[in-house]
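**Student:** Single-letter residue listing:
There are 2 protein chains.
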Amino acid sequence: MNLEQAKKQFNEILEKNKAYNHSISLIYWDGATGAPKKAVNNRAQILGILASEVFKLTVSEEMKQCLEVLEKHNDELDSITSAVVIEMRKEHDKLTKIPADEYREYAELLGKSSAVWEEAKNKSDFSIFEPYLEKIISMLRKFVEYRGYDEHPYNTLLDDYEPGMTTEKLDKFFGVLKERIVPLVKKIQNSDKKIRTDFLTDSYNTKKQEEFSQHILEKICFNKDAGMLKESEHPFTIEFTRDDVRITTHFYEKNFTSAIYSTIHEGGHALYEQNIGEDIAQTILGTGASMGIHESQSRMYENVFGRNINFWKSFYPKLCETFPSQLSNVSLNEFHEAINKSENSLIRIEADELTYSLHIMVRYEIEKMLIEGKIEVKDLPGIWNEKIEEYLGITPPNDKVGVLQDVHWSDGLFGYFPSYALGNAYAAQFEHTMRKSLDIDKLLLEGQFDKVLEWLRENIHKHGSMKKPNEILKKVTDEELNPVYFIKYLEKKYEKLYNV
Amino acid sequence: MNLEQAKKQFNEILEKNKAYNHSISLIYWDGATGAPKKAVNNRAQILGILASEVFKLTVSEEMKQCLEVLEKHNDELDSITSAVVIEMRKEHDKLTKIPADEYREYAELLGKSSAVWEEAKNKSDFSIFEPYLEKIISMLRKFVEYRGYDEHPYNTLLDDYEPGMTTEKLDKFFGVLKERIVPLVKKIQNSDKKIRTDFLTDSYNTKKQEEFSQHILEKICFNKDAGMLKESEHPFTIEFTRDDVRITTHFYEKNFTSAIYSTIHEGGHALYEQNIGEDIAQTILGTGASMGIHESQSRMYENVFGRNINFWKSFYPKLCETFPSQLSNVSLNEFHEAINKSENSLIRIEADELTYSLHIMVRYEIEKMLIEGKIEVKDLPGIWNEKIEEYLGITPPNDKVGVLQDVHWSDGLFGYFPSYALGNAYAAQFEHTMRKSLDIDKLLLEGQFDKVLEWLRENIHKHGSMKKPNEILKKVTDEELNPVYFIKYLEKKYEKLYNV
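Quick note, the sequences are listed as chains A and B, same order. For what it's worth, this note's numbering labels the leading residue of the first sequence as 4, then goes sequentially. For what it's worth, this note's numbering labels the leading residue of the second sequence as 4, then goes sequentially.
Excised from the complex, chain A in its bound form (with noise of 0.2 angstroms):
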């Protein structure tokens, strides 16, 4: 095979995947904002179909003559289809060590488990759930061996989905984290200082609630040309191309600001996919860098931004022309603190962003441990008690609220918790790098968030994945991941608004 027949080879497995995976991406979309009820079985079959079409096509021997052609002639190729053949490269290898019966059977074990998450949550009963848990970290931990790995067996799974990451970064990430904000915590718990909440369990027309998400998805610069807002029960964001990128939320009648943090959130992690570059959009590096910088957009935008009160000296007029019985009588500052309230509480998604991280921490500490197979699965609800006893103070009364919360390890997901507390982190990061150019609070208070989003899309957002997560940070902040800024933001922000 000459260097153009591989060329053209390599393009049409490339193009046939992106056809399956997108028909995946809209079976999924459509069956979380609307399918009808009995169309799931056929789903899952299709879904079957669709993904091993991709496995196949991803370990098969001509895309493995396609790599080696195109990687012998590196010289000769242009700059994005070089670092496609390294995605594809990495995907292939990953996917081919592993025995195909044994990732099949892996799958069909994730295809079941999350409805047995589900049953077990619902009763409270980790037990019914303990053998799937336990058969997916035994596979997980042989499929590492199969992969290899440096240093720890966690980072393997750490780079999945923040390409790059290690136990020995985490390790030092957290324990400054940890050092820092525990005690923060601790002070906030004796402040006397009372914050009034009582209006964010008004009733609030659900509607009249969608108009106004809408309202802040205009504002902030979501193309609905290129996008939409669905419902859906958690909230999430789906991109098929920079054309078209789907964001639900979830509206609750007795949470109002439920919705709008979801709304925000969501948004965030679409304009990052909406403002992806022109060069790279057709290609599998159009989409974002890794889970932890995309997680760092709709942190940007929930937290940085949309907790920020000059956000609200724009948006809050507006917010009591469509709620006015409810919020008559609550003042601005009354509503900005009631949203950034601090409380130490047991369920993760709906943590303030000062415990956030310490709910993360959990969760990376007790993954290490049972990739590691320092831990039993059988023991988990304990350690898992114990663990947030020590971080926040309390102890779950059930399984419930308790080590059966998430839904992700009953997807396979072991690794991707830590972003959510990178992206914090790389938020606060970035938002350091972008006050030296950008005035953030005057720009928020006048609305101008064209020109937050420039800077976004320049820096961050229209290399997609052309760059990794650590290159992005280095080119951007000129500094290796730092917890000091996020830590910073939340001593700053939590220390006046407590007056501690």
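One thing to keep in mind: the hints can contain errors.
What the hints assert, rightly or not - 20 angstroms max Cα-Cα, derived EDC-like pairs, lysine to aspartate or glutamate: (1) A:Lys227 <-> B:Asp33; (2) A:Lys19 <-> B:Asp228; (3) A:Lys41 <-> B:Glu281; (4) A:Lys210 <-> B:Glu18; (5) B:Lys59 <-> A:Glu18; (6) B:Lys59 <-> A:Glu213; (7) A:Lys41 <-> B:Asp228; (8) B:Lys233 <-> A:Asp282; (9) B:Lys40 <-> A:Asp33; (10) B:Lys227 <-> A:Asp33; (11) B:Lys41 <-> A:Glu281; (12) A:Lys233 <-> B:Asp33; (13) B:Lys190 <-> B:Glu498; (14) A:Lys59 <-> B:Glu18; (15) A:Lys11 <-> A:Glu90; (16) B:Lys41 <-> A:Glu90; (17) A:Lys19 <-> B:Glu18; (18) A:Lys210 <-> B:Glu108; (19) B:Lys11 <-> A:Glu281; (20) B:Lys19 <-> A:Glu256; (21) B:Lys40 <-> A:Asp228; (22) A:Lys41 <-> B:Asp282; (23) A:Lys59 <-> B:Glu15; (24) A:Lys210 <-> B:Glu213; (25) B:Lys41 <-> A:Asp282; (26) A:Lys40 <-> B:Glu498; (27) A:Lys227 <-> B:Glu234; (28) B:Lys40 <-> A:Glu281; (29) A:Lys439 <-> A:Asp481; (30) B:Lys233 <-> A:Glu90; (31) B:Lys138 <-> B:Glu108; (32) A:Lys145 <-> A:Asp481; (33) A:Lys59 <-> B:Glu65; (34) B:Lys40 <-> A:Glu221; (35) B:Lys59 <-> A:Glu65.
Note that these hints are calculated values from the structure, not bench results. As the structure is a prediction and not an experimental result, all values here were calculated from the model.
Based on these hints, arrange chain B on the given structure of chain A.
**Tutor:** The following block gives chain B in isolation, referenced to the frame of chain A:
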């Protein structure tokens, strides 16, 4: 390859085809019901890749070998597998006879021609569409030559939509219709009966229209766990399996009966698909027997049931409750007359039951001559207008409301139009038989739609395409296609309505 191997491989190919076709349908559904505007480009590419995979699998050497082995062992196959083999053999031969590069060229041509047709229609300028239509017809004529034909080249195209249908049968069928309907239309034109329609063009809230459409669907036994109603520009039905059958309607504020009748019409299609037998539901036989039989079900619900006075005796109170101000001074009888009013009009999709077949006749005669090569594309506007004048006594003032009105030809759908007329005739013939065992009027009056559905399911729906259209007709009505039932149905109805 032995029989077991052939069965296994055959199933694998069919499963893949199913997954790709499922994806194609979902992309189409998504596009028609709300995908972001800019998604369109990417969508076309993905659809092309998926369709090409289906093509390749269908004409593949593996498929050929499987078919040969399965056919050789036909005695050992169960009846369903045997029917599936016959279906796939037909499809395989059809696609194999057409050179792949010409097929691709044709697909690309169709990919462009709809937009060209739309532009031509909007500008009412046939010359814009002319070169595309010429190319479509010249390619279709070549394909017919490749595929071969019995008696008349148009028969090969007819057979794609209505297996077993021929020009000989249709000439006879339309001959009888013309002979009896044209005089009836003339009589009605000269009748001095006044039918009130002023209220049809009042304003009707579209949200309430939707509620009423949902109400009708529920009553006629559409299973909402296995389907849904949404809005799209042009109403359609799309089926994934019998567990997921989706329909659309379109709500016009100033034309509320449009949405109602689209809902009932598509509902009729959907009931057919939802009631296919479980034994064949997962196979390629798990869909309607033909376009004509499908249309008989939609027309049965839309016209035979949905324009019957007893149907409205049951539904009209609810309709008045939904739109009290618009309908308070409209009697049930006035409403019933209005929705059955006959008028010679230019647009097929707005035509009433009586004149509808005349619109189809015009298209049938023109298509037949085009495929024979007896007329030229450039002469179409003139020929169209002459025929409309001949059958309906009116002349289109321009091509937009004349030869350019339908999308079908730009999609390559030649041989499809007759299904619409056949559907009406089949429906009347089925109704005639149904009345021997069911008191339809009483059931409609009492809203006992489960009873009529049961009859349709047992006689028609459950067979899917295990039986050919003519087999179904003969088995159910003990007769071949006989247009007299439809004519008598129309005569009885319209002579009474217009006192002629």
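**Student:** Now tell me, hint by hint, if it's right for this structure.
**Tutor:** Checked hints:
Proximity of A:Lys227 to B:Asp33 is assessed by CA-CA distance (about 16 angstroms); at most 20 angstroms being required, the pair is judged to hold. The hinted pair formed by A:Lys19 and B:Asp228 fails the criterion: a straight-line CA distance of about 33 angstroms is larger than 20 angstroms. Only pairs whose Cα atoms come within 20 angstroms are accepted, and A:Lys41 paired with B:Glu281 is accepted, the gap being roughly 14 angstroms. Annotation: proposed proximity of A:Lys210 to B:Glu18 is violated, straight-line Cα distance about 42 angstroms (limit 20 angstroms).
Our distance criterion of 20 angstroms between C-alpha atoms is met by B:Lys59 and A:Glu18, whose separation comes to about 15 angstroms. For the suggested pair B:Lys59 and A:Glu213, the alpha carbons sit about 45 angstroms apart, so the restraint of at most 20 angstroms is broken. Straight-line distance between C-alpha atoms of A:Lys41 and B:Asp228 comes to about 6 angstroms, which keeps the hinted pair within the 20 angstroms bound. Proposed proximity of B:Lys233 and A:Asp282 is contradicted: the alpha carbons are some 36 angstroms apart, above 20 angstroms.
Restraint check for B:Lys40 and A:Asp33: the C-alpha separation of about 17 angstroms stays at or below 20 angstroms, so the hint holds. A C-alpha spacing of about 16 angstroms is found between B:Lys227 and A:Asp33, which places the hinted pair at or below 20 angstroms, so the restraint holds. With a C-alpha separation of about 14 angstroms, the suggested pair B:Lys41 and A:Glu281 falls inside the 20 angstroms cut-off, and the hint holds. Between A:Lys233 and B:Asp33 the alpha-carbon distance is near 13 angstroms, which keeps this suggested pair within the 20 angstroms criterion.
Of the supplied pair hints, the one linking B:Lys190 and B:Glu498 holds, its CA atoms being roughly 9 angstroms apart against a limit of 20 angstroms. Annotation: proposed proximity of A:Lys59 to B:Glu18 holds, straight-line Cα distance about 15 angstroms (limit 20 angstroms). Using a Cα cut-off of 20 angstroms, the hinted pair A:Lys11 and A:Glu90 holds, with the two alpha carbons roughly 17 angstroms apart. Distance hint between B:Lys41 and A:Glu90 is unfulfilled; the C-alpha atoms sit about 27 angstroms from each other, more than 20 angstroms.
The straight-line distance between the Cα atoms of A:Lys19 and B:Glu18 is roughly 17 angstroms, inside the 20 angstroms bound, and the hint therefore holds. Restraint check for A:Lys210 and B:Glu108: the C-alpha separation of about 48 angstroms exceeds 20 angstroms, so the hint is violated. Simply put, B:Lys11 and A:Glu281 have alpha-carbon atoms about 44 angstroms apart, too far for the 20 angstroms limit, and the pair is violated. For the proposed pair B:Lys19 and A:Glu256, the alpha carbon gap of about 43 angstroms is over 20 angstroms, so the pair is violated.
For the hint pairing B:Lys40 with A:Asp228, the CA-to-CA distance comes to about 5 angstroms; that is within 20 angstroms, so the pair holds. With a CA separation close to 17 angstroms, the supplied pair A:Lys41 and B:Asp282 stays within the 20 angstroms bound. Using a Cα cut-off of 20 angstroms, the hinted pair A:Lys59 and B:Glu15 holds, with the two alpha carbons roughly 14 angstroms apart. With a CA separation close to 17 angstroms, the supplied pair A:Lys210 and B:Glu213 stays within the 20 angstroms bound.
Distance check on the hinted pair: B:Lys41 and A:Asp282 sit about 17 angstroms apart at the alpha-carbon level, within 20 angstroms; holds. Restraint check: the Cα-Cα separation between A:Lys40 and B:Glu498 comes to about 46 angstroms, which exceeds 20 angstroms; the hinted pair is violated. For a cut-off of 20 angstroms, the pair hint linking A:Lys227 to B:Glu234 stands: about 19 angstroms separates their Cα positions. Between B:Lys40 and A:Glu281, the direct Cα distance comes to roughly 17 angstroms. Compliance with the 20 angstroms bound is thereby established for this hinted pair.
A hinted pair counts as satisfied when its Cα atoms are at most 20 angstroms apart, and A:Lys439 with A:Asp481 qualifies at roughly 13 angstroms. With a CA separation close to 40 angstroms, the supplied pair B:Lys233 and A:Glu90 exceeds the 20 angstroms bound. For the hint pairing B:Lys138 with B:Glu108, the CA-to-CA distance comes to about 11 angstroms; that is within 20 angstroms, so the pair holds. This hinted pair does not check out: A:Lys145 and A:Asp481 have alpha carbons roughly 38 angstroms apart, beyond 20 angstroms.
Proposed proximity of A:Lys59 and B:Glu65 is supported: the alpha carbons are some 18 angstroms apart, at most 20 angstroms. A distance of roughly 16 angstroms separates the Cα atoms of B:Lys40 and A:Glu221; the hinted pair therefore holds under the 20 angstroms criterion. Restraint check for B:Lys59 and A:Glu65: the C-alpha separation of about 18 angstroms stays at or below 20 angstroms, so the hint holds.
In terms of the numbered hints stated before, the structure departs from hints 2, 4, 6, 8, 16, 18, 19, 20, 26, 30 and 32, listed from lowest to highest.
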